[in-house]
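Number of protein chains: 2
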Amino acid sequence: MNLESALSYSHTLLKPIIQAGDTVIDATVGNGHDTIFLAGLVGHSGQVLGFDVQQVALDETALQLQLTGQAHQVQLIHDGHQNLDHYLAPDQQISAAIFNLGYLPGSDKTIITHAQTTLSALDCCLSHLRRGGIVALVVYYGHEGGEAEKTAVLNEVQQLDQHEFQVLQYGFINQVHQPPFLIAVQRR
Amino acid sequence: MNLESALSYSHTLLKPIIQAGDTVIDATVGNGHDTIFLAGLVGHSGQVLGFDVQQVALDETALQLQLTGQAHQVQLIHDGHQNLDHYLAPDQQISAAIFNLGYLPGSDKTIITHAQTTLSALDCCLSHLRRGGIVALVVYYGHEGGEAEKTAVLNEVQQLDQHEFQVLQYGFINQVHQPPFLIAVQRR
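Protein chains in written order, with the numbering used here: chain A, 1 to 188; chain B, 1 to 188.
Do not rely on the hints blindly, as some may be mistaken.
The calculated label-pair distances, taken between Cβ atoms and stated as ranges, are [to be verified]:
#1 Asp123/A - Pro105/B: 34 to 44 Å
#2 Arg130/B - Gln55/A: 44 to 54 Å
#3 His33/B - Thr12/A: 20 to 30 Å
#4 Asp108/B - Thr151/A: 37 to 47 Å
#5 Gly69/A - Thr117/B: 55 to 65 Å
#6 Asp85/B - Gly80/A: 56 to 66 Å
#7 His72/A - His143/B: 53 to 63 Å
#8 Asp79/A - Gln93/B: 49 to 59 Å
No lab work stands behind these hints, which were simulated from the structure alone.
Heads up, the beta-carbon is just placed ideally off N, CA and C, and yes, glycines get one too.
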């Protein structure tokens, strides 16, 4: 058994947390892999809110969701994740959220996530997160602008009150090409 | 399900790696928890080599091993782990090793592990490690001298060739009292 990649470990952590019927967030739909993973866990009685600023990502994901019979429980939203609050009721709880920070693989590398909007969205997810719930951030930072976002996110999560949240960092530290690492924030 | 502590996650990683009949190393016997964990995994046909410089730690662990019927497969060695090579045949393979860096809880806080001897022992374990095997280091560093050892170990493992080894770091980053973190080195 090999050590899991950051991306794979994010799924390992979320799987036992998410129950059928839950509301969860895919803050960066991208290639839709996480959206489909989440849709399978929440089931037909649950709800995935998936955000992306690129229509092409949403269209491709919508097609995959239809093919896998999971379109019903997913709301794909063509808006920045910093506006997440507009799509949740004030007292609505979520059990999980996933972020993939960086750019959409195989797409325009100048369209990237940015610290300010990422932190707004993270803050919103944490305020809706139920006890035991997890927000997972897979941080790609090898691209231009990636280092700044990585630093800002790390600074933010390191300051989360340890009585309210556990903040785990998981990543490989001997690789030449900066592989993504995982930050997992769990509400106690 | 809560996020696992570094110590607990070291066991989660090692459990599927270690088979009955394997030879494994407990480089820092201490309170014996890891020794007993390893003894259970290798079984009567396997072998645990357990090192400690404090006789009291070995005596206490010997007693626990007898009580749990696992004394047969454990060799407790009153020697520094930097001399590990004296106890392994040159071509002997190990599937795992555990280090707890720092001091023995509840004991003399001035008897601590040190960078130089830790790195010698680590080097020896890696040279005997079979493919897929894991060396787990649980790094306590809140005590005097801990920061220097932590830095030396991190520098060393970050330089391991990524084609030969994967080096994972796992730890909590928002806690005031420096909790231990885990380094897991797996041979590819």
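Taking the hints in turn, this is what the structure says about them:
1. Asp123/A - Pro105/B: 34 to 44 Å: Taking Cβ atoms as reference, Asp123/A and Pro105/B lie about 38 Å apart, which means the hint holds.
2. Arg130/B - Gln55/A: 44 to 54 Å: Cβ of Arg130/B to Cβ of Gln55/A: about 50 Å, so the range 44 to 54 Å holds.
3. His33/B - Thr12/A: 20 to 30 Å: holds, 24 Å
4. Asp108/B - Thr151/A: 37 to 47 Å: holds, 40 Å
5. Gly69/A - Thr117/B: 55 to 65 Å: holds, 59 Å
6. Asp85/B - Gly80/A: 56 to 66 Å: Between Asp85/B and Gly80/A, where Cβ atoms are some 58 Å apart, the hint holds.
7. His72/A - His143/B: 53 to 63 Å: Since the Cβ atoms of His72/A and His143/B sit about 55 Å apart, the hinted range of 53 to 63 Å holds.
8. Asp79/A - Gln93/B: 49 to 59 Å: holds, 55 Å
Every hint, counting from the list given before, is met by this structure.
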